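> Each chain, letter by letter, is given below.
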Amino acid sequence: MGTLMEIKDLTKRYGHKTVLDNISLSLESGKIVGLLGPNGCGKTTLMKVLTGLIKDYTGTVLIDGQEPGVYTKSIISYLPDKEYFSGNKRPSDMFDLFEEFYTDFDRKKAENMLVDFDLDPMQKMKTMSLGMQEKLQIALVMARNAKVYLLDEPLGGIDPLSRDKILNTILRNYSENALVIISTHLIHDVETIFDSVLMIRRGNLIVNKQVDEIRAESGKSIEEFFKEVF
Amino acid sequence: MFGKLVKLEFKETAKTMLLAYIFLAILGLLAYGLSFTNISAATGILVFLFVFSAVVIGIVTGLLMALRFNKTMFSSQGYLTHTLPVTPTQLYLSKILVAFFWNVVSFFAAVLSVFAVLKISGAWDEFILEIMDEIGMTPPTGLIILFVCAILVSLFTFLVSTFFACTICNTSRFQGLGSAGPIVIYLLTSTILQIISVIGTVFIPLTLFVNEKLKIESFSISFPYKISDILNESITTKAPIGIGGVILIYAMYILIFVFTLKLLKKKVCIK
Amino acid sequence: MSIVFSQNSPIYLQLVEIMKLKIVIGVWPVGEKVNSVRDLALLFEVNPNTMQRALAELERQGFLYAERTAGRYVTKDQQLIEDTRHGMAEAYIVDFCENMKELGYSKDQIIDLIIKEAK
Chain A
1 MGTLMEIKDL
11 TKRYGHKTVL
21 DNISLSLESG
31 KIVGLLGPNG
41 CGKTTLMKVL
51 TGLIKDYTGT
61 VLIDGQEPGV
71 YTKSIISYLP
81 DKEYFSGNKR
91 PSDMFDLFEE
101 FYTDFDRKKA
111 ENMLVDFDLD
121 PMQKMKTMSL
131 GMQEKLQIAL
141 VMARNAKVYL
151 LDEPLGGIDP
161 LSRDKILNTI
171 LRNYSENALV
181 IISTHLIHDV
191 ETIFDSVLMI
201 RRGNLIVNKQ
211 VDEIRAESGK
221 SIEEFFKEVF
Chain B
1 MFGKLVKLEF
11 KETAKTMLLA
21 YIFLAILGLL
31 AYGLSFTNIS
41 AATGILVFLF
51 VFSAVVIGIV
61 TGLLMALRFN
71 KTMFSSQGYL
81 THTLPVTPTQ
91 LYLSKILVAF
101 FWNVVSFFAA
111 VLSVFAVLKI
121 SGAWDEFILE
131 IMDEIGMTPP
141 TGLIILFVCA
151 ILVSLFTFLV
161 STFFACTICN
171 TSRFQGLGSA
181 GPIVIYLLTS
191 TILQIISVIG
201 TVFIPLTLFV
211 NEKLKIESFS
221 ISFPYKISDI
231 LNESITTKAP
241 IGIGGVILIY
251 AMYILIFVFT
261 LKLLKKKVCI
271 K
Chain C
1 MSIVFSQNSP
11 IYLQLVEIMK
21 LKIVIGVWPV
31 GEKVNSVRDL
41 ALLFEVNPNT
51 MQRALAELER
61 QGFLYAERTA
71 GRYVTKDQQL
81 IEDTRHGMAE
91 AYIVDFCENM
101 KELGYSKDQI
111 IDLIIKEAK
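Top line first, the protein sequences correspond to chains A, B and C. In case it helps, the numbering used here puts the first sequence at residues 1 to 230. In case it helps, the numbering used here puts the second sequence at residues 1 to 271. In case it helps, the numbering used here puts the third sequence at residues 1 to 119.
Excised from the complex, chain A in its bound form (with noise of 0.2 Å):
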C-alpha cells in the first residue's frame, strides 16, 4: 500500500478552452475510485493525460514516482471508451500482442473471460457487434495483473447481465498492490464498489472523498449526491 498516483496542478488548454483546471490529487494502491462528472467535464482527458496520450500538459503527473512514459504504461491498464481494433484481427492476435507487449499480461485469464462473455476467440473484429468489442477490451484490460486500472465507460453499452459479470471482474481482480479508477455515468450500479469519487464539474476536481463520508455527511447515496451537485 503506497501512493500511487500523484497529481499536482494539471492543467489542460485547447486553444482558449481548459478542458483540466489545477487538478491535484493524491491516489493510493488498494483502492477503487469513482471517476465521475458529466459530459466533457474531463474525465476522458484526465485519463489520457495519465496513459500518455496527451502529454501537452503543464502540472506534475506522477504514477508510481514516475512521470508518463514506458515504465508507467507498462504497469497501467487502459481501458479507452474507444474500440481501437483493426478490423481483420482476431481476439487471439489480440492476445499474441499483449502477450508480446506486457509481461503482466494472463492468457489464461484472458481466454477464460471470453468464455464467460460466450466470444469467440478465432472471430474477426469487423463481423463483431460493439458490445462484443468492447467486452473483448475489458478481458484485455482485467487479464493484466498491472498496478493502475484507468476504466473510461466500462459499463456503458453493455447488456445488464454483463455488466454483472464485469462488476464482478473488477472485484475479482482487486489487489491491495493495484489501483483501479473508474469512470462512469451509470453511479448507481457501480456505487457499492468505490472507496472513494473525485467528481469532475468543466475541469475542475470538485470533489474527493470518501464514499462513506460522503454517504455520513449527507444522508445521501452516491448517486444522488451526484444529483445535487449538479
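Because the hints were derived from the structure by calculation, they are not lab data. Every value quoted in this text rests on a predicted model; they were computed, and no experiment measured them. Possibly wrong hints are sitting among the right ones.
To be verified - Quick list of the computed label-pair ranges, beta carbon to beta carbon:
#1 C:26 - A:159: 36 to 44 Å
#2 A:165 - C:98: 57 to 65 Å
#3 A:218 - C:79: 38 to 46 Å
#4 C:60 - A:11: 44 to 52 Å
To be verified - Derived contacts from chain A toward chain C, CB cut-off under 10 Å, selection only:
#5 168
#6 171
#7 174
#8 194
#9 222
Said to hold, decoys possible - With a straight-line Cα cutoff of 27 Å, these simulated DSS-like cross-link-like pairs (lysine-lysine) come out:
#10 B:4 - A:89
#11 C:76 - C:22
#12 C:20 - A:220
#13 B:15 - A:89
#14 A:124 - A:108
#15 A:17 - A:82
#16 B:11 - A:109
#17 B:15 - A:124
#18 A:82 - B:7
#19 A:89 - A:165
#20 B:7 - B:265
#21 B:4 - A:126
#22 B:71 - A:55
#23 A:82 - A:109
#24 C:33 - C:76
#25 A:147 - A:109
#26 A:109 - B:7
#27 A:55 - B:262
#28 B:7 - A:126
#29 A:8 - A:147
#30 B:262 - A:109
#31 A:55 - B:266
#32 A:165 - C:22
#33 B:4 - A:108
#34 A:147 - B:265
#35 A:147 - A:209
#36 A:55 - B:4
#37 B:71 - A:89
#38 B:15 - A:126
#39 A:124 - B:11
#40 A:108 - A:89
Heads up, the beta-carbon is just placed ideally off N, CA and C, and yes, glycines get one too.
Guided by the hints, dock chains B and C onto chain A, whose structure is given.
Then chains B and C, alone, in the frame of chain A:
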C-alpha cells in the same frame, strides 16, 4: 521492445505485400507462358498488365505505408499503439524501417519486372549495344551507383515527409485541418523543398563533372552554372551536375526527421 | 447477491447486520470458516475495503475470530449468539408492538392476533 515492434510491423504488413508480389509473379508467369504461343494479342495485354502492375505496386507501396502509419498512430488504433510500453521514437523508427523495406522491395520488383520484359523481348540487348556505341565499352558504374542511391534515398525521404505530414496534422494546433491535412502539408513541404533544391543547386558551389562517356570526371568547389560560360557559349566536354541542392535537401530531410520525433514526444494528441 | 443498501447508514454497518443475522440464524454455522474478504466482497458486490471493515467490526463485536494465517471463523460462543438472537427477537417485537399500537390494536387484540397467525 524495439525488435518486437519491428516484428509486429512485419507481421502486419507482410500479408498484403506478399499477396501483391505473388499476384505480380503470376501475371509475369502467365505473360511468359503466353509468349511461347502465337496469341500475340493476349501476350501483349498480359505483358502490359504485368508491367503496369509492377509500376503501380512500386508507387502504391509508399502510399500504403504512409496510410498505415496514419491509421495505426492517429486513428482510434492509436489508443492501442500509444499505450504500448515503448517510446514514440521506437514506434516511429520501427514503422519507417519496415515501410522503407517494402518500398525498396517493391521498387526492385518493379525494376526487375520491366527489365525481364525488355530482356526477354530482346529490346534490352539492342538498347545496350546502342548505348555502348555512344559511351564506350565500360559501363558508367559511378553514375549508376549514384543514381540508384539517389532513388533509394528518395524512397526513404518520401516516407519521412509523409510521416511528418501525418504527425503534424495531429498536434493540437493543426488538428483542425481534418483528413485532407496530411495531403496539404505534404504538397506544401514538397513544393518548398523543390524550391530550396533549385536554389541550392544553382547557388551552392559544389559540382560534379561528367564527360560525354557518362563517366564522372571530376568534382570541384565551383558553381555548376557559370554565367560566363553560358555567355561565352564555351563548348565544354564536361556536363556539370550541381549537387549543392541535393545535399541541402538531405539536410532538410534530416531536420524534418528530427522534428517529427520531437513532435511525437511532446505535442501529439490522439482524438 | 444484489442487495439494495439504504443510504441512511454506512454500507459496512449494514453488512455487519446482514452477516450477524446469518450467524444468529445458523446459515453461517458456529465454528465454521468464513469466506475470504475478496469472495465475500464479490458475493455482496461491495468494495473489498468495505467488506474488510465489516468483518473487522464483527470481529470486534465478538462474532468472528481470526486465526493468525488461517482466516476468520464464526465464534463458538453460543451464549453470545443466543443473547444476540434474543436481542434481535425483542427488537422485532418492540417494533411490531409499536406498529400495532399505531394501528389501534390493544394488548389483548394483539395477543389474539398472534395466536391466530402464529400457526
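> Among the hints numbered above, which are violated by the structure, and what are their numbers in rising order?
2 and 30
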